[in-house]
Amino acid sequence: GAGVSQSPSNKVTEKGKDVELRCDPISGHTALYWYRQSLGQGLEFLIYFQGNSAPDKSGLPSDRFSAERTGGSVSTLTIQRTQQEDSAVYLCASSLAHGGRGDEQYFGPGTRLTVT
Amino acid sequence: GEDVEQSLFLSVREGDSSVINCTYTDSSSTYLYWYKQEPGAGLQLLTYIFSNMDMKQDQRLTVLLNKKDKHLSLRIADTQTGDSAIYFCAEMGGGADGLTFGKGTHLIIQP
Numbered sequence: 204g205a206g207v208s209q210s211p212s213n214k215v216t217e218k219g220k221d222v223e224l225r226c227d228p229i230s231g232h233t234a235l236y237w238y239r240q241s242l243g244q245g246l247e248f249l250i251y252f253q254g255n256s257a258p259d260k261s262g263l264p265s266d267r268f269s270a271e272r273t274g275g276s277v278s279t280l281t282i283q284r285t286q287q288e289d290s291a292v293y294l295c296a297s298s299l300a301h302g303g304r305g306d307e308q309y310f311g312p313g314t315r316l317t318v319t
Numbered sequence: 005g006e007d008v009e010q011s012l013f014l015s016v017r018e019g020d021s022s023v024i025n026c027t028y029t030d031s032s033s034t035y036l037y038w039y040k041q042e043p044g045a046g047l048q049l050l051t052y053i054f055s056n057m058d059m060k061q062d063q064r065l066t067v068l069l070n071k072k073d074k075h076l077s078l079r080i081a082d083t084q085t086g087d088s089a090i091y092f093c094a095e096m097g098g099g100a101d102g103l104t105f106g107k108g109t110h111l112i113i114q115p
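First to last, the protein sequences are chains W and S.
Counting from 204, one number per residue, gives the positions in the first sequence under the working numbering.
Counting from 5, one number per residue, gives the positions in the second sequence under the working numbering.
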């Protein structure tokens with residue numbers, strides 16, 4: 204079946220602009236995760252959704268970052284007033300269930316964000 | 005916070021076994037995972053092990069877990085050029101919301 208898909212695959216934006224990143228999870232997966240991969244910080248967990256709800260947003264790097272999920276499926280990660288330090292690959296993952304058995308997370312190909 | 009440590013590089017000859025090691029600090033980790041990342045690609049889930057297991061074998065892959073020492077290893081038998089990639093160890097601690105990853109081990113295959 205289809206895996207996790209993300210769009211766009213690459214995004215170049217000017218500092219100060221807003222960007223929106225999209226994730227389509229595997230059909231039937233109730234849990235959805237956002238991570239960020241950068242050279243300096245490695246792989247960082249940002250936020251997860253169980254259904255449409257994100258219980259804890261404290262992993263988001265700043266209040267310029269927000270995420271939502273609608274219909275228990277597609278999720279968008281929005282970065283407002285982008286800064287150069289936001290440049291990274293943003294990875295989305297999904298799993299059947301959060302925590303415990305079934306929480307094998309399958310990753311999408313990522314969105315490479317470059318802020319100039 | 006919790007931490008996962010890995011060596012940055014491992015070089016092996018084609019046909020030999022590769023052993024990639026990982027240590028973690030979270031004693032409440034329930035599942036531990038190995039992911040593979042090839043250049044320009046996303047993360048591919050290779051295998052995982054539940055914390056009450058000592059070993060898991062899947063074709064050329066063997067995972068060993070020493071829970072007392074918080075040490076995880078991934079053995080790749082008969083290493084091939086297609087195994088060249090970055091291998092990430094990850095854990096999900098009890099009560100954690102997301103995976104904590106190591107920095108990744110670059111596996112380099114020598115002909």
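These are calculated hints, taken from the structure and not from any lab test.
One thing to keep in mind: the hints can contain errors.
Stated by the list, open to error - No farther apart than 16 Å at their CA atoms in a straight line, the calculated lysine to aspartate or glutamate pairs in the EDC-like style are these:
no. : chain 1 : residue 1 : chain 2 : residue 2
1   : W       : Lys260    : W       : Glu247
2   : S       : Lys107    : W       : Glu247
3   : S       : Lys74     : S       : Asp30
4   : S       : Lys74     : S       : Glu18
5   : S       : Lys40     : W       : Glu271
6   : W       : Lys260    : W       : Glu271
Unchecked claim - From the structure, some residues in chain W lie toward chain S, with a derived Cβ separation under 8 Å:
no. : residue
7   : Tyr251
8   : Phe268
9   : Leu299
10  : Asp306
Because the structure is a prediction, the values reported are computed rather than measured.
All residues carry an ideal CB built from backbone N, CA and C; glycine is no exception.
Going through the hints against the structure:
About 13 Å separates the Cα atoms of Lys260(W) and Glu247(W), which keeps this hinted pair within 16 Å; it holds. At most 16 Å may separate the alpha-carbon atoms for a hinted pair to count; Lys107(S) and Glu247(W) meet this at roughly 10 Å. A distance of roughly 8 Å separates the Cα atoms of Lys74(S) and Asp30(S); the hinted pair therefore holds under the 16 Å criterion. For the given pair, Lys74(S) sits about 29 Å from Glu18(S) by alpha-carbon distance, which is inconsistent with the 16 Å threshold.
Under the criterion of a C-alpha separation no larger than 16 Å, the hint pairing Lys40(S) with Glu271(W) is inconsistent with the structure, at around 28 Å. Restraint check for Lys260(W) and Glu271(W): satisfied, since their Cα atoms lie roughly 11 Å apart, inside the 16 Å limit. Taking 8 Å as the C-beta contact cut-off toward chain S, the hint placing Tyr251(W) at the interface holds, the least distance being around 5 Å. Given the 8 Å rule on beta carbons, the hint for Phe268(W) is violated: about 15 Å separates it from the nearest Cβ of chain S.
Because the smallest distance between the Cβ of Leu299(W) and any Cβ of chain S comes to about 13 Å, over 8 Å, the interface hint for this residue is violated. The interface hint given for Asp306(W) holds, since its Cβ lies 6 Å from the closest Cβ of chain S, which is under the 8 Å cut-off.
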